[in-house]
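2 protein chains.
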Amino acid sequence: MNKIAAMSKITPVTWKDVTINDGFWGQWQKTNASSTVNAVYNRFKETGRIDAMKLSWKEGMPDMPHVYWDSDVAKWMEGAAYILYYHPDQEISEKLDNIIDMIEASQHESGYFNSYFQTIEPDKIFTDRTAHELYTAGHMIEAAVAHFYSTGSKRFLGLMTRFADHIESVFKINGNQYYSTCGHQELELALFRLWQATGEKRYMELSKHFIDKRGTDPRDRVFSVKNGEYPADPPLRCQLEYNDTYAQDDAPARDLPAAAGHAVRAMYFYSSMADISREYGDDELYEACLRLWDDSTLRKMYVTGGVSADRFGEAIGMAYTLPNAGSYAETCASIGMAFFAQRMFSIKPDAIYADIIERQMYNGALAGLSLDGASFFYDNALQSVPAYNDFTTGIHDKRLPFPHYRRQRVFECSCCPPNILRFIAALGEYVYATENDTLFISQYIQSSAQMQLASGALKVKQTTNYPWQETVSFQIEGDAAVKATLAFRVPGWCTNSSVSVNGTSLMSDHSLAAGVSLSQGYLYVPASLIGDGVVTLTFPMPVTELEANPLVAEDSGKVALMRGPLVYCLEAVDNGFNLLDAVVLRDPQYRTEIKDISGIPMVVLRGDAAVRTNDQWDKALYRTGGSKYEKVTFTAIPYFAWANREAGDMSVWLHKEASITDAIG
Amino acid sequence: MNKIAAMSKITPVTWKDVTINDGFWGQWQKTNASSTVNAVYNRFKETGRIDAMKLSWKEGMPDMPHVYWDSDVAKWMEGAAYILYYHPDQEISEKLDNIIDMIEASQHESGYFNSYFQTIEPDKIFTDRTAHELYTAGHMIEAAVAHFYSTGSKRFLGLMTRFADHIESVFKINGNQYYSTCGHQELELALFRLWQATGEKRYMELSKHFIDKRGTDPRDRVFSVKNGEYPADPPLRCQLEYNDTYAQDDAPARDLPAAAGHAVRAMYFYSSMADISREYGDDELYEACLRLWDDSTLRKMYVTGGVSADRFGEAIGMAYTLPNAGSYAETCASIGMAFFAQRMFSIKPDAIYADIIERQMYNGALAGLSLDGASFFYDNALQSVPAYNDFTTGIHDKRLPFPHYRRQRVFECSCCPPNILRFIAALGEYVYATENDTLFISQYIQSSAQMQLASGALKVKQTTNYPWQETVSFQIEGDAAVKATLAFRVPGWCTNSSVSVNGTSLMSDHSLAAGVSLSQGYLYVPASLIGDGVVTLTFPMPVTELEANPLVAEDSGKVALMRGPLVYCLEAVDNGFNLLDAVVLRDPQYRTEIKDISGIPMVVLRGDAAVRTNDQWDKALYRTGGSKYEKVTFTAIPYFAWANREAGDMSVWLHKEASITDAIG
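Chain order of the listed sequences is W and S.
Residues 9 to 673 in my numbering are what the first sequence lists, from first letter to last.
Residues 9 to 673 in my numbering are what the second sequence lists, from first letter to last.
FYI, nobody ran anything at the bench for these hints, they're computed from the structure.
In this text the structure is predicted, and so the values were computed from the model without any measurement.
One or more of the hints may lead you astray.
One copy or two, either will do: identical chains are not told apart, so a pair holds if it fits within one copy or between any two.
Using 27 Å as the maximum straight-line C-alpha spacing, the simulated BS3-like pairs for lysine-lysine come out as follows [as the list claims (entries may be wrong)]: (1) Lys-664 with Lys-636; (2) Lys-627 with Lys-11; (3) Lys-627 with Lys-356; (4) Lys-469 with Lys-24; (5) Lys-469 with Lys-356; (6) Lys-639 with Lys-664; (7) Lys-664 with Lys-627; (8) Lys-11 with Lys-221; (9) Lys-38 with Lys-103; (10) Lys-209 with Lys-17; (11) Lys-467 with Lys-38; (12) Lys-209 with Lys-221.
Use the sequences and the hints to build the structure in full.
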């Protein structure tokens with residue numbers, strides 16, 4: 009049986025159709041449009057990335073172009089294009105046009121464009137699979153698609169269809185003699201979007217071509233260490249990064265056994281696999297997507313949504329191996345998992361996918377950005393101990409701390425800053441999706457939207473102070489307001505949500521009113537029950553202590569705090585004790601309050617804990633047990649807000665006092 | 009005030025004077041002489057290390073010599089020399105002579121010898137500080153000294169004094185134009201021993217020369233990354249390894265602020281600093297030694313004694329940063345710390361030094377060797393999770409697990425196997441030391457010994473089943489049996505030791521008999537109180553739960569189990585539950601029993617713990633807290649004995665149930 013064919017085909021409501029003016033995400037989009045878009049551009053200008061597009065770099069000049077620079081610029085262009093649609097800005101617009109001018113002038117007559125290879129190694133074009141050319145091409149194509157949607161202009165899109173045609177010619181029609189698939193996946197996604205934007209099916213077919221080819225061509229195994237065999241001796245550490253799993257070359261896509269390898273490559277690739285499986289009704293590919301989804305979200309994901317646990321090779325890591333102090337959790341990988349989730353939802357609507365998108369939005373991805381929108385984390389720590397050497401020996405280790413405890417303005421490999429830029433700018437596309445006359449409401453974001461259902465147009469207005477507050481109100485109007493069905497997501501973190509219309513309950517404590525149904529985490533409400541009334545959803549947000557699966561040794565004996573969709577953490581600046589030694593009491597008497605963090609009021613948590621008293625230790629490193637404790641009150645802040653004030657220790661997972669002896673038998 | 013001059017000068021009783029025939033270490037020395045010495049030699053023969061000495065390797069042949077191979081062979085020679093003294097073995101003796109023949113034939117007329125450079129790059133001799141030439145020279149010299157002590161022959165020693173003379177000429181008299189100190193310290197130690205063996209003071213002066221020069225010559229900063237400055241961007245991970253601290257080049261020896269950098273280099277260097285500070289009465293150097301000792305043992309040492317916490321650069325790591333799953337804890341670094349401790353004791357007798365030697369002997373160093381003596385750990389895990397992927401997804405990750413859970417027969421860089429060989433072979437030298445008429449008794453090892461005190465010869469016989477049993481008996485005889493003072497170490501792990509003579513108490517519960525005194529962890533007993541009686545020491549060995557300092561975040565909420573000097577661990581093969589999730593109960597009802605592990609009876613510990621029941625988890629990765637527990641009984645084995653049976657999880661640190669709420673206030 010063809011599972012895909014039997015499934016719903018969902019259409020996301022595009023970012024253009026959803027207007028986010030204020031509220032939590034409205035503020036972030038304003039920061040994005042006023043700060044981040046400039047911060048990223050300026051750093052790229054300063055580091056030579058923008059001007060590299062002129063192909064005028066010469067030996068001896070500073071800022072030699074790098075093979076992946078075009079992708080950084082392209083992601084900025086994509087983000088800027090989204091932003092311009094809602095936030096017209098002459099200066100940004102000119103910068104964008106100026107880069108397009110440079111690309112137009114620099115593009116090779118074949119359609120090829122890459123500022124590194126055209127400038128530095130023109131004779132090496134498409135000879136080295138590790139050199140990111142198809143990856144940068146993908147990002148350029150995505151930027152062109154965004155530019156087209158945002159402005160209606162086909163100029164940039166035209167340039168990039170020429171590039172795509174050239175790639176088709178080299179890699180599909182003629183067959184490149186050096187390698188056959190992308191060293192860093194991304195182009196597969198881009199070609200799919202190029203098909204959507206142009207209606208030219210060849211591009212989707214080329215995307216499928218790259219997916220089908222992957223893992224089948226021995227020439228592509230450039231990252232291999234002895235084909236994954238154990239060497240007799242332990243290999244050098246650096247070699248460990250590069251085996252067949254690194255770029256998902258260990259098997260053809262349909263046979264990939266587990267989520268593995270470089271996390272961003274993996275998430276982008278799985279996303280494109282989902283795209284193609286949906287459009288081609290390819291069950292085998294979809295089964296692989298389900299397997300990779302389960303493996304990555306049920307065994308290899310941090311509670312924040314972070315998904316690259318392994319610094320070696322920026323990799324997904326082994327099952328249940330989620331080190332906190334050594335977490336990698338690249339911002340791009342969280343964004344990539346949101347892409348994957350979005351596509352899985354489009355095949356089969358299920359709240360598990362929207363839950364993961366929400367987890368990334370508020371935690372894994374958002375933590376990558378400072379509150380002022382101008383600095384960035386590449387890797388995201390779940391535990392940070394920067395102060396160690398200072399407060400003990402008085403000597404600061406000169407080595408750069410691992411993991412990082414301060415966001416930076418730009419990176420040598422600066423993929424994350426423009427990625428969070430474009431993610432926030434296009435956030436509207438995660439809110440709604442439609443299928444015939446059903447409207448799926450997946451994210452609770454203060455916004456207004458308009459969309460087309462089978463029976464006509466529909467306008468939806470969301471009013472909420474989510475995630476700080478637990479209620480969301482909806483009003484609908486339009487042609488479809490009679491025949492539509494609204495499917496509201498019941499967040500996975502919420503145990504007793506309630507929904508009412510003008511005070512009449514539709515769902516309460518899981519008892520449903522007539523005509524209302526609950527399926528795969530969505531509450532289906534006929535619009536006829538709503539009419540011109542106000543739907544009020546209430547998602548109670550008590551402080552919740554989460555445990556990790558017992559197989560996650562790192563988190564055994566610990567809890568992570570959540571309230572609503574937000575993961576919380578303790579940061580030294582709020583807590584004048586050794587927070588890494590703190591033990592949350594059996595009954596911590598949780599309370600919430602509003603606290604201003606870098607000018608932004610947030611709901612913070614307060615609770616009771618205990619820490620070992622220091623006086624009994626003197627200078628000893630180890631001593632017999634039975635320490636005394638003193639009680640402390642802790643303050644936990646949203647994880648995304650950490651590292652915006654004075655540097656210090658931080659931890660997401662906290663020790664928890666348990667009463668085990670009493671609880672047994 | 010000259011602190012060194014005011015201090016005692018202690019002379020260790022040599023390994024030749026202490027005969028260890030049976031008991032715990034007698035068995036290990038037998039394994040060493042029958043298994044390890046052959047295992048190491050055979051692997052070195054198979055891998056080409058032995059034959060490399062012929063300098064006959066040619067391009068295209070297998071097994072190209074490596075720059076550090078001579079040090080591997082030299083350490084084997086040193087170990088073999090010690091072994092032959094007590095365990096004559098014609099075959100080993102011939103192998104040793106055969107290598108010396110090769111060296112004699114191959115040595116350059118200048119005195120220089122290095123099988124790599126003479127064969128492969130004769131024009132590059134002494135041009136590259138990172139190339140280990142002075143390090144291999146050091147080990148060759150140490151081997152020659154051992155060979156001389158063991159056999160009385162001066163043949164090998166003569167070859168190596170010529171080499172030392174050549175080094176003196178190149179590096180001190182003329183001044184090498186490329187660099188001025190060892191890229192990997194070791195030669196400093198060796199030259200000191202060469203002085204002791206030959207009486208030629210020039211060698212000690214050359215040792216001091218290398219110590220004084222270090223950290224002062226800009227040409228030596230070859231490991232530097234921008235001289236330790238933070239780069240604006242995070243540097244590549246591999247660069248992190250190589251900064252000025254890597255080879256202790258960040259400051260002149262006397263100014264070194266903290267124990268840092270490559271742990272083996274550090275420990276060998278600190279040891280030589282102690283040697284020189286003692287002989288020259290150099291207070292400033294001694295102060296540095298004290299500072300480095302405190303920093304390494306009180307802030308940067310695993311409970312097992314392991315001292316390289318940081319895989320990046322095989323480095324000592326940051327203060328209180330002691331990851332268990334990612335521990336490095338190189339076997340050689342533990343041995344190096346024993347060297348350092350031995351020398352610090354020689355300046356000032358204090359049980360803290362002998363305690364650390366004991367910790368390394370029974371734990372950090374010994375874990376490097378399999379029970380059959382034929383395979384080895386290079387890095388020593390404190391927590392191992394090899395089974396993860398197998399028992400969860402059914403998919404085994406093809407990447408080599410970090411850290412290692414299986415000892416290996418040989419390594420590409422195979423320094424640890426011959427190091428543990430020579431350490432165990434010469435273990436006798438850690439047992440006793442003398443100063444005038446005082447005999448320090450530092451280690452409790454079934455043995456007999458003879459030594460010279462100021463008032464004459466003394467024979468000492470120790471009878472004990474330590475560390476399995478808590479009593480040790482001593483008998484003394486000889487000229488000095490009247491005037492001597494015996495100083496018995498009271499182990500730091502023991503809280504209520506007692507000492508008696510023929511049943512009459514000398515110390516009990518810290519009350520001392522007349523004429524007996526306790527100082528710096530040693531109980532001073534005049535021989536006159538002993539006469540021809542039997543001294544019985546009792547060191548009660550209850551199971552002890554150790555906590556780590558609250559600043560060690562990794563071990564917060566956990567305990568490590570010790571009994572006597574042995575650190576224990578849980579290994580999967582003895583425990584049919586998820587031991588990494590186990591919580592030791594408030595009252596674990598500890599009991600001991602004898603268990604046979606790979607043919608060797610050992611005292612193992614049994615106790616009560618609890619683990620979370622799995623049924624409540626299904627496939628969830630995170631869920632709200634309040635898990636149910638079930639009671640389990642655990643078995644803990646000595647840490648050194650792990651990884652000799654079926655592979656599986658292992659952990660030294662265990663979660664501990666605490667009753668914090670009740671204990672506060």
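These are the hints, each one checked on the structure:
1. Taking the shortest Cα distances, Lys-664 and Lys-636 sit within 27 Å of each other both inside one copy (16 Å) and across copies (14 Å).
2. In this assembly of identical chains, Lys-627 and Lys-11 lie within 27 Å of each other by CA distance solely across copies; the values are 23 Å between and 64 Å within a copy.
3. In this assembly of identical chains, the alpha carbons of Lys-627 and Lys-356 lie at most 27 Å apart only when taken from different copies (20 Å versus 59 Å within one copy).
4. For the homomeric pair Lys-469 and Lys-24, the shortest alpha-carbon distance inside one copy (15 Å) is at most 27 Å, but the shortest distance between copies (90 Å) is not.
5. Taking the shortest Cα distances, Lys-469 and Lys-356 sit within 27 Å of each other inside one copy (25 Å), while across copies they are farther apart (80 Å).
6. For the homomeric pair Lys-639 and Lys-664, the shortest alpha-carbon distances inside one copy (13 Å) and between copies (19 Å) are both at most 27 Å.
7. Taking identical chains as interchangeable, the C-alpha atoms of Lys-664 and Lys-627 lie at most 27 Å apart whether they share a chain (26 Å) or sit on different chains (23 Å).
8. For the identical chains of this complex, Lys-11 and Lys-221 are intra-copy neighbours only, at 23 Å inside a copy versus 74 Å across copies, given an alpha-carbon limit of 27 Å.
9. Taking the shortest alpha-carbon separations for Lys-38 and Lys-103, only the intra-copy value of 19 Å comes in at or below 27 Å, while the best inter-copy value is 78 Å.
10. In the homo-oligomer, the alpha carbons of Lys-209 and Lys-17 lie at most 27 Å apart inside one protomer (18 Å), although the nearest pairing across protomers, at 87 Å, exceeds that limit.
11. With identical chains, the CA atoms of Lys-467 and Lys-38 are at most 27 Å apart within one copy only, with a shortest distance of 23 Å there and 86 Å across copies.
12. In the homo-oligomer, the alpha carbons of Lys-209 and Lys-221 lie at most 27 Å apart inside one protomer (18 Å), although the nearest pairing across protomers, at 71 Å, exceeds that limit.
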